[in-house]
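Engineer: Residue-level listing of the chains:
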Amino acid sequence: MLPSYYEFFNPVKILSGKNALDNLPYELEQLGAKRPIIVTDKGVIKAGLIQVVKSAFDSSGMVIGAIYDDVPPDSSSDVVNQIVAVYRENGCDAIVAVGGGSPIDTAKGVNIVLSENSDDLMKFEGADRLKAPMKPFIVIPTTAGTGSEVTLAAVIKNTAKNVKMAFASHLLFPKIAILDPRMTTTMPPHITAMTGMDALAHSMEAYTCLQKNPLSDAYATAAIKLIAQYLPKAVENGKDMEARMAMANAATMAGAAFSNSMVGMVHSLGHATGAICHIPHGLAMSIFLPFGLEYNLPKTEAMVAELLLPLGGEAEYVKVAAGQRAARTIVLVRKFQQTLFDLCGLPRTLKEAGVPKNKLEEIAKTAINDGTLSFNPEELDLNDALNVLNEAYS
Amino acid sequence: MGKKYGPIKSGVKWFKILVAKIVFFVLGRAFQSATKHDPDIKKEISVWREGFVLIMRVLPNGPRMVLEKLNGRLKYRGAKYDDGDLVISFKNIECAFLVLTPQVGAAQAFAERRMTVKGDLGNAMIFTRCLTILLGHLYPQFICRRLVKRVAPMPLKKQMIKLVINVVGIPFGL
Ligand SMILES: NC(=O)c1ccc[n+]([C@@H]2O[C@H](COP(=O)([O-])OP(=O)(O)OC[C@H]3O[C@@H](n4cnc5c(N)ncnc54)[C@H](O)[C@@H]3O)[C@@H](O)[C@H]2O)c1
Ligand SMILES: [Fe+2]
Numbered sequence: 001m002l003p004s005y006y007e008f009f010n011p012v013k014i015l016s017g018k019n020a021l022d023n024l025p026y027e028l029e030q031l032g033a034k035r036p037i038i039v040t041d042k043g044v045i046k047a048g049l050i051q052v053v054k055s056a057f058d059s060s061g062m063v064i065g066a067i068y069d070d071v072p073p074d075s076s077s078d079v080v081n082q083i084v085a086v087y088r089e090n091g092c093d094a095i096v097a098v099g100g101g102s103p104i105d106t107a108k109g110v111n112i113v114l115s116e117n118s119d120d121l122m123k124f125e126g127a128d129r130l131k132a133p134m135k136p137f138i139v140i141p142t143t144a145g146t147g148s149e150v151t152l153a154a155v156i157k158n159t160a161k162n163v164k165m166a167f168a169s170h171l172l173f174p175k176i177a178i179l180d181p182r183m184t185t186t187m188p189p190h191i192t193a194m195t196g197m198d199a200l201a202h203s204m205e206a207y208t209c210l211q212k213n214p215l216s217d218a219y220a221t222a223a224i225k226l227i228a229q230y231l232p233k234a235v236e237n238g239k240d241m242e243a244r245m246a247m248a249n250a251a252t253m254a255g256a257a258f259s260n261s262m263v264g265m266v267h268s269l270g271h272a273t274g275a276i277c278h279i280p281h282g283l284a285m286s287i288f289l290p291f292g293l294e295y296n297l298p299k300t301e302a303m304v305a306e307l308l309l310p311l312g313g314e315a316e317y318v319k320v321a322a323g324q325r326a327a328r329t330i331v332l333v334r335k336f337q338q339t340l341f342d343l344c345g346l347p348r349t350l351k352e353a354g355v356p357k358n359k360l361e362e363i364a365k366t367a368i369n370d371g372t373l374s375f376n377p378e379e380l381d382l383n384d385a386l387n388v389l390n391e392a393y394s
Numbered sequence: 001m002g003k004k005y006g007p008i009k010s011g012v013k014w015f016k017i018l019v020a021k022i023v024f025f026v027l028g029r030a031f032q033s034a035t036k037h038d039p040d041i042k043k044e045i046s047v048w049r050e051g052f053v054l055i056m057r058v059l060p061n062g063p064r065m066v067l068e069k070l071n072g073r074l075k076y077r078g079a080k081y082d083d084g085d086l087v088i089s090f091k092n093i094e095c096a097f098l099v100l101t102p103q104v105g106a107a108q109a110f111a112e113r114r115m116t117v118k119g120d121l122g123n124a125m126i127f128t129r130c131l132t133i134l135l136g137h138l139y140p141q142f143i144c145r146r147l148v149k150r151v152a153p154m155p156l157k158k159q160m161i162k163l164v165i166n167v168v169g170i171p172f173g174l
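Listed in order, the protein sequences are those of chains A and B.
So for the first sequence, my numbering puts the first residue at 1; every next one is plus one.
So for the second sequence, my numbering puts the first residue at 1; every next one is plus one.
Fair warning: there could be bad hints in the mix.
Unchecked claim - If the Cβ cut is set under 7 Å, some of the chain B residues that face chain A in the computed set are:
#1 F110
#2 A111
#3 E112
#4 K118
#5 M125
#6 K149
#7 P153
Simulated from the structure, these hints should not be mistaken for laboratory data.
Don't be surprised by glycine CBs; every beta carbon is placed ideally from N, CA and C.
Isolated chain A, as found in the complex:
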């Protein structure tokens, strides 16, 4: 069924494939930039990935203005301000983010402060608050999960107030995303697994949440198909270039899907759990996904049934009777979870993830105030949230 009205926007140019990174200097020049700052984190440096980026600049005549490599897990407003200072001191004129969601979202925050020429990131919290044209911004993802390279959103922690601020604006989209399989082969199995589950959560929530539309559906189902086939392979053998390329593409498509149709309670619960217990975002996604699908089933049964085709494949889809398909999709998501547990020990429950039981109430309270909940198809009040958390606990 077509929605009565929807909007879809995805202005990011994608360069995908072997050695895609070598085009970085050319693309920067096309954007009128000469001295980019590179924003990254210690894990990415340790994996030797900045070497690959640096060598892409060789013989280009370009100068890397500075490399900032101190982005902490989940972004923070303090770090954003530090990077802004480094950018200005070194006369940079563009931003290149190299990393997972943390460096990417941090770089988005930097772009806000620089472009709006303000020193107060908080003033721009919320939707559609940005007006100034942004600095040239290129993203090179090193995880295959958040899809932040093609989304209009950024989540940044306000260090002073200890809350997460959400930003959404069509100006926040990067200009270019470069998907080069060399950048993700170094990801260890458990990070591969959880970031991959983030992408699965994006596509499944995009397919079932309130703003779903024919364009986001197409991206979402294409992503699910790739994840089902390639995520276990990428976890099993990190050097499998085909699997890495497939996952990078899947994460990007899932990002394009959810940036337009938004996500729901799996993310509301995940954001809250992450904020309170500091478990990685992708891990929270993996744990909550089957519960979110189950909870919303009264409103979304037909959609979840359709997801059996990309998730389980044709043979499976034909074999299962129409009335059983939605339930079967959820069974397969749980099996998928189990496969990842067997491969790399990815926790299946909040208990296994080390979330203390006495935090559930606080998590529930935070979750119902998360903006993503407005796009969830079913109502979720404090009690409902607590029930789901208890189910997901063990």
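Since the structure of chain A is already known, use the hints to place chain B with the ligands on it.
Structural biologist: Here is chain B with the ligands on its own, set in the frame of chain A:
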């Protein structure tokens, strides 16, 4: 002489603007009264600081509803301020008309990007929950079913609150 070209001024949708003004008045008064009589709404807004300003408005310069937290309650302030802590804007008068008359629920309108939010999204979620309760006080259940994701049951206590809001809250601002 060739054909003449020149600027065309946009018209004004008087009727829809009037309706929006009236609904904002009723909603504002109802909200004010509910923060006194409905314990659930009282509890929701208890986290807002004194002086918190909430605005619902129609872009670019349409009608608006301003509520301010004073003495622990929300007070309807007409169109007093043009900026606040939480500002919910309808992108145009047609969007506002759909939601206010009420043909489309707030969650759906938000999902369809018919409104934008300025301010902390957590506060927007609190407002959405209050609105859901409030709609239950303003409309019969068969209309609410179209507007909200799940209609809460209306026990006798809630029926009484509904009566108070409609009989003294909206007409007399109590
Ligand atoms: N903006 C959005 O649309 C959006 C969507 C989802 C999540 N997020 C945010 O993204 C963040 C999570 O991002 P993430 O899951 O990509 O994790 P991350 O960026 O925090 O990275 C996780 C860890 O993996 C390491 N790492 C990354 N790539 C590596 C590689 N190739 N080899 C070796 N190590 C590598 C990093 O150093 C880090 O220690 C959260 O803050 C979340 O809120 C944003
Ligand atoms: Fe996510």
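Engineer: Now, for every hint given, state plainly whether the structure supports it.
Structural biologist: Going through the hints against the structure:
no. : hint : result
1   : F110 : holds (5 Å)
2   : A111 : holds (4 Å)
3   : E112 : holds (5 Å)
4   : K118 : holds (5 Å)
5   : M125 : holds (5 Å)
6   : K149 : holds (4 Å)
7   : P153 : violated (13 Å)
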